[in-house]
Structures are given as C-alpha cells and as structure tokens.
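Q: Here are the chains, one letter per residue:
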Amino acid sequence: MSVQTDKVQWSARVRESAEKNLPPSQLLPDEQPVYVHSWIYVFGALSIAAFGVVLASGLWLSLEGPTWWHTSSVGLFVNSLHLWSAELFFFFMVIHLWGKFWMAAWRGNRSMTWVTGSVAFLASIGTAFTGYLSQQNFASQWIASQGKDGLNAAGVGAFFNVLNFGQMLMWHIVLFPLVVGALIVMHVLLVRKHGVVPPYPAEGQDEFDTGPEAVVDVQRRTGGEGGAS
Amino acid sequence: MSTAAARFAKARKRDHRHLEAWTGGYRPYDLVKELVVAVAVVVVLTAILAALFSSPDDQPVTLARWARADAKDFTTAALSELNGSSDTAQYGPPYNSTPGAAQKIGPLSLQTLAGVRIPIDAAHDLVLQPLQSVAGDNPDLQTALSQYRSASPSQQNAWTDAYGKALSSATVSGGQLQVPPGDYGPVAVIMASELALARSGGLDGALLATKQFYQTDYTKPILFISDGSYFGNLASSHNLLGEQWGMMNETGNWPGQPWLWLYTFWYQIPPFASSGNADALIWGIMALLSVILVLVPFIPGVRSIPKWIPIYKLVWRDYYRGLASR
Numbered sequence: 001m002s003v004q005t006d007k008v009q010w011s012a013r014v015r016e017s018a019e020k021n022l023p024p025s026q027l028l029p030d031e032q033p034v035y036v037h038s039w040i041y042v043f044g045a046l047s048i049a050a051f052g053v054v055l056a057s058g059l060w061l062s063l064e065g066p067t068w069w070h071t072s073s074v075g076l077f078v079n080s081l082h083l084w085s086a087e088l089f090f091f092f093m094v095i096h097l098w099g100k101f102w103m104a105a106w107r108g109n110r111s112m113t114w115v116t117g118s119v120a121f122l123a124s125i126g127t128a129f130t131g132y133l134s135q136q137n138f139a140s141q142w143i144a145s146q147g148k149d150g151l152n153a154a155g156v157g158a159f160f161n162v163l164n165f166g167q168m169l170m171w172h173i174v175l176f177p178l179v180v181g182a183l184i185v186m187h188v189l190l191v192r193k194h195g196v197v198p199p200y201p202a203e204g205q206d207e208f209d210t211g212p213e214a215v216v217d218v219q220r221r222t223g224g225e226g227g228a229s
Numbered sequence: 001m002s003t004a005a006a007r008f009a010k011a012r013k014r015d016h017r018h019l020e021a022w023t024g025g026y027r028p029y030d031l032v033k034e035l036v037v038a039v040a041v042v043v044v045l046t047a048i049l050a051a052l053f054s055s056p057d058d059q060p061v062t063l064a065r066w067a068r069a070d071a072k073d074f075t076t077a078a079l080s081e082l083n084g085s086s087d088t089a090q091y092g093p094p095y096n097s098t099p100g101a102a103q104k105i106g107p108l109s110l111q112t113l114a115g116v117r118i119p120i121d122a123a124h125d126l127v128l129q130p131l132q133s134v135a136g137d138n139p140d141l142q143t144a145l146s147q148y149r150s151a152s153p154s155q156q157n158a159w160t161d162a163y164g165k166a167l168s169s170a171t172v173s174g175g176q177l178q179v180p181p182g183d184y185g186p187v188a189v190i191m192a193s194e195l196a197l198a199r200s201g202g203l204d205g206a207l208l209a210t211k212q213f214y215q216t217d218y219t220k221p222i223l224f225i226s227d228g229s230y231f232g233n234l235a236s237s238h239n240l241l242g243e244q245w246g247m248m249n250e251t252g253n254w255p256g257q258p259w260l261w262l263y264t265f266w267y268q269i270p271p272f273a274s275s276g277n278a279d280a281l282i283w284g285i286m287a288l289l290s291v292i293l294v295l296v297p298f299i300p301g302v303r304s305i306p307k308w309i310p311i312y313k314l315v316w317r318d319y320y321r322g323l324a325s326r
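As you go down the protein sequences, you meet chains A and B in turn.
All residue numbers for the first sequence refer to our numbering, where the first residue is 1 and numbers rise by one.
All residue numbers for the second sequence refer to our numbering, where the first residue is 1 and numbers rise by one.
The set of hints was computed from the structure by calculation and includes no laboratory data.
The structure displayed is predicted, hence computed values, not measured ones.
Possibly wrong hints are sitting among the right ones.
Here are the computed distance ranges between Cβ atoms for each label pair [what the hints assert, rightly or not]:
no., chain 1, residue 1, chain 2, residue 2, range
1, B, I309, A, A12, 47 to 55 Å
2, A, A12, B, Q268, 54 to 62 Å
3, B, R317, A, L189, 45 to 53 Å
Derived DSSO-like pairs (lysine-lysine); straight-line CA-CA distance at most 27 Å [said to hold, decoys possible]:
no., chain 1, residue 1, chain 2, residue 2
4, B, K313, A, K193
5, A, K193, B, K307
6, A, K193, B, K33
We treat Cβ as the ideally placed atom computed from N, Cα and C, and that holds for glycine.
Using the sequences and the hints, build the whole thing.
A: See below:
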C-alpha cells in the first residue's frame, strides 16, 4: 500500500487520527498526574461499574421477558439487583458530577467532557423513568398517570406516550441504553484524550509548579529532557 | 497592545497550555485495577442490598379490581366519561381538542402545537364502544345504546344529570349498585352493563382491543382508572400524590427516583402549587436548568463558581500541601 493511498483512504485517516489523539499509552496509562490523589476520583469508575451491573441485570431480565420477575423468586431477585444497581449508579454519578463541578473540570479544553457527562446524566434519568414505567405494577401505573401531564404540557407526550407500555419498554431496553452507553464511551475517551484536569494554581503561584521531582518524572515518562508532549 | 494586555495574554496562553497538557509530576495509577475493584464492590453491594431489601411489586389496579372494590366510584367515573365531564374528556391535546384546556407558558402552548395525536373520545371509546362489542346477545343493552346514541345532546345530558344526582344516594348490595328509581332513560342500563362488564374483567380487555391480536398500549385503561377516586386514594395511602413529592417516591419504603427531587420540588411551592399551567411552567424551568447544566463551561459567572467557593482545595489538599512545603 503506498503512502499516497494512505493519505486519501478513510480507513487510514481514521487510524491516524486515533493514533494521534489516543495512542495506547494515553488510552490506558499506568500513571496519573500527582494531583490525582483523592477519593473523589473513584466515583467515575464506580459509576461505570454500576452502569455495567445495571446492564448485566437488565440483560438477565430480558432473557426471560418483562413479566418473569412478577412470578419467580429468582426473577424478583434479579429485578432487585437491577433496582439497587440503578440506585447506586445514580448515587455514584451524582457525587462524580458534583465533584467535577467543584473542580471546574471543564477547564483546559475539556468542555465536551463535561457536556457528554452531563447529557449522559440527563439521559440516565430518562432511562430510569422508562424503567419505572415498565414495571407493570401499581407504581408504574401511577407514575404513568402523573408523568403524562408534564410531558403532555411540554408537547412531548403526543410523541412519547408514557401510557403506552410497549413504547416505554422499547425506549428503556434499547434506545436509552444505546444513548447512555455511547455517551459514556465518548465521555471516557475524552477524559483519556485530555487527561484529568489540573488544580487551580495555588495562591501566589503564577503557573503550575512542576518542581524538581516532577521534571525527573516527566523525563522518565517521555524519555526526554522533560515536558510532556 | 499595551504592556498589561500583553502580559495578560501571555499568562492566559501559558495557563491554557498547562491546563491542556500537564507538565508536572506523575505517580503510578492502575486504572484497570481500579475498575475491577469498583465492579467487585458494586456487585457485592448490589447483591447485599437486593438480598436484604428486595424490590417493591404492588399489584396493579385493573378496571375489574376497581369495579369490584368500589362499584359506586367506578360508576361515577364511567358516568363522567359518558357525559363528557371527566378529566380525560376535557383534557385537551394530545387526547382531544377541548377549548382552553391546553397549558401555556405565557402565550406559548406547546401542548396545542403538538396537536391531537392520540385521539380519545371518552364517551365512545371508554363506554359506548366497549359495550357495543358485547351487546350482540343482549337486546336490552342494544336498545339502550341505540336510544342513547339517537337522543339529542340535551336529552342525553338530562338523563346523565338525573342519574348522577341519584348516584349520591345509591347503595351497593351484593356487588350490584342499587340506584333509586328515576327518569334515566337508557343510562341506567348502560351504567349497569358497564359495571357488569368491568367486574367480569371484560372491560380491561375491551379497552385494549384493536385490529391486532397483541396489545401493548394501555392509554385508554389508565386514563379511565385515573378519572376515579379509587386510584388516587390508593396512591395517597402510598404517599405518591403530587403534594406528597409523589413522582420521586416508590410504594412502601423503597427509594424511588430521588434524582427527580428538583422536578418534584417546584410542585410544592407557589405559584406552581396552585397554577393551572404548573406542568408547562415546571417543564420549562427544568428544560432551562438542564440546558444550563450542560452548558456550564460556557456560561460566564456560573463557570467561575468553583473558583469563588474553593471546595477544590479539599480535593487537592495534598497537592497544595506539597507545594507549600517546598
């Protein structure tokens, strides 16, 4: 394959872009800046882990169909796994979101990281809402009855009918998970591309102090004379 | 460019460079291990919570259950569907085009703009048509339905008004509604047949029936059930009403959707608590707040809040302590 061909080929361009923006060492690094040293950083991973458990328990429920958990003790337990993992998912995600807000994590060309994360949070609310509508019990009836008024008043209910169980189930198990999953993947890739946002400069510090140890670290990491690429 | 402006531009460029690519120190950090441990922790925690607390599953309300439990309330709701006074009959878009029913934000009514896309004729769809579908072997019901349909609107109203007044003194005996004698025309037969159909479970199926065999759209039965008091009273006993922060609650003591707290909050305070346009206004507010949340990085002032309230010093306290000790 000639170099000339590579320059015009879509596949080559995609590969080169991926290599440029997300080289393996950046996609899965084995070190982080020294300031990444707080429990708050764990909540991003916990959110992803909880999302994984939500997906796994949801897939388990989907194997047997939407009515299984009403008639089977195993089904009830799997439904409980789904419920509690969803509660944990939101718990971790809200802490993660507030943590990132107070760290102003959008600084340094990281706006899209914040945007994808916050849209994922809003889409997750829609996912959970349609899940509650798909329970086929009294709670889902009541939530549908109450929820329709807000959606109808906003003009949304004419297209997104919360009283239509079939429509809500499809949104819950197909459309919303696809959207949330895609947003989480984009969010994580953006985090890896731009790295974790550095702290605000300390008082009296006019730029980020690398310090002598830092220079050594950077030299070790880059194999050069310092200064990350 | 003035000296000050040049200095500012230089500092801004330098800060931006450092923000984008950290040139300081690094420390080992095992992301894969962190994720695996996180998954393990969440799996264990979820399993413990599921085993200890399970999940709620209160029986749904069917039209049959309602009619058997409270025949009078069911018949009152059915009469309101027939005479067009129910919430469903007067709802407006997307179910019907009742004048002035749609909610507005100022002069703007998104509810009206969306149009009537799920048409519901309460009298026809919830009472007359279901009864017609089972009237084949019931001459009295056939006659009653024909008589009601061929009567003038004023005559229909006279019958339903009279029956409605009589309902207040009706009694229930053996599951049958005993209404004092009066001039109700065909309405007495229609209401008795509707109650009987509901108690048999037939109305639950009739309201789902379409040309297809498989059904998934419960719009009609839920709207009908919502028009009675029985459904709301059950919800009230579960603390699910709007004034009880209902949208975010779950039946029993299980956590519901606490992430909806802000949406539910607006319904508890004036002017929304008593506004006829509360839903539209609150959805407008929540849409605006959602946009603000997403666009925080681009909104001057809002994006500076973390700098003014330095909670970040807690997060990065080790880093700042390290700087201070040098």
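Q: All hints are to be evaluated individually against the structure, with a verdict given for each.
A: Hint check results:
{"no.": "1", "hint": "B:I309 with A:A12: 47 to 55 Å", "in the structure": "48 Å, holds"}
{"no.": "2", "hint": "A:A12 with B:Q268: 54 to 62 Å", "in the structure": "59 Å, holds"}
{"no.": "3", "hint": "B:R317 with A:L189: 45 to 53 Å", "in the structure": "30 Å, violated"}
{"no.": "4", "hint": "B:K313 with A:K193", "in the structure": "25 Å, holds"}
{"no.": "5", "hint": "A:K193 with B:K307", "in the structure": "24 Å, holds"}
{"no.": "6", "hint": "A:K193 with B:K33", "in the structure": "20 Å, holds"}
Comparing the model with each numbered hint stated earlier shows that hint 3 is the single one that does not hold.
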